[in-house]
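*Asks:* Could you build the full structure based on these sequences and the hints that come with them?
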Amino acid sequence: MYNMIKVLICLLLQQAEKVSAVWSVTFENQDYCAVKGSSVEFKCSYNYPDDESVRETAWFKGMLQDGIWERVKLSVLPTYKNRFEYRGDHVHNCSLVLQDLQEDDTGYYYFWFDTNRFGRNSKRSVYLSVTELKASIRPRRVSAGDNVTLECGTACQSPRIIWFRDGHIVTEPEFRAKIQDAGNYSCAIEELKSVQSDPVALD
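Quick note, the sequence shown lines up with residues -21 to -1, 1 to 182 if you use mature numbering (1 follows the signal peptide of the UniProt record, and there is no 0).
Keep in mind that the hints are not guaranteed to be accurate.
Capping the alpha-carbon separation at 25 Å, the derived lysine-lysine pairs in DSS-like fashion look like this [what the hints assert, rightly or not]: (1) K157 <-> K102; (2) K172 <-> K22; (3) K52 <-> K113; (4) K52 <-> K102; (5) K113 <-> K15; (6) K52 <-> K22; (7) K22 <-> K102; (8) K15 <-> K60; (9) K113 <-> K157; (10) K15 <-> K172; (11) K113 <-> K172.
Hints in this document: simulated from the structure, not taken from any laboratory.
Keep in mind the model is a prediction, meaning the values are calculated, not measured.
*Replies:* Put into structure tokens, the structure is as follows:
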């Protein structure tokens, strides 16, 4: 009797594993970091039984409302209007693009889909961190002939940075100051020159 119970439990566990494998949402990356004003794409895929068809898909953001953690559809949030695009389909692709990122976009995102039988939420989430670029000049007070270093801070990991002085590209972030170097300096990520930090002045 005991052995029979063990066999039944094993069979039930195997069946549960099969069901779990059939129903799944997979994120290529679960942790994203992006600069304010830029765009980000959450790469995503999902699976379900072959005998079912997808009727509807949606992305949600996790939000604390009245002390309760809830998933809220992006389509009903006014701050996301015209800023997100579903790049997926009703087959297996569930990728999402967020544009013109703002610091309030930082948070957890979830995917949901509904078939002709069941609706499924992603158990896991994607976390997005939105950060600003912050330009600084060392030393703070500069005289002609001083060694100057331009620094661009961001929480994102090692992006390639470029510098501008009064809108013109600066080729070297370290230089010996001359009178003609005076101006307003700002930094940007090389792949996204249009999104620049607030300027800092070199007088």
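*Asks:* Would you mind marking each hint as holding or not holding in the structure?
*Replies:* Status of each hint after checking the structure:
no.	hint	in the structure
1	K157 <-> K102	58 Å, violated
2	K172 <-> K22	24 Å, holds
3	K52 <-> K113	32 Å, violated
4	K52 <-> K102	16 Å, holds
5	K113 <-> K15	11 Å, holds
6	K52 <-> K22	18 Å, holds
7	K22 <-> K102	16 Å, holds
8	K15 <-> K60	17 Å, holds
9	K113 <-> K157	24 Å, holds
10	K15 <-> K172	13 Å, holds
11	K113 <-> K172	15 Å, holds
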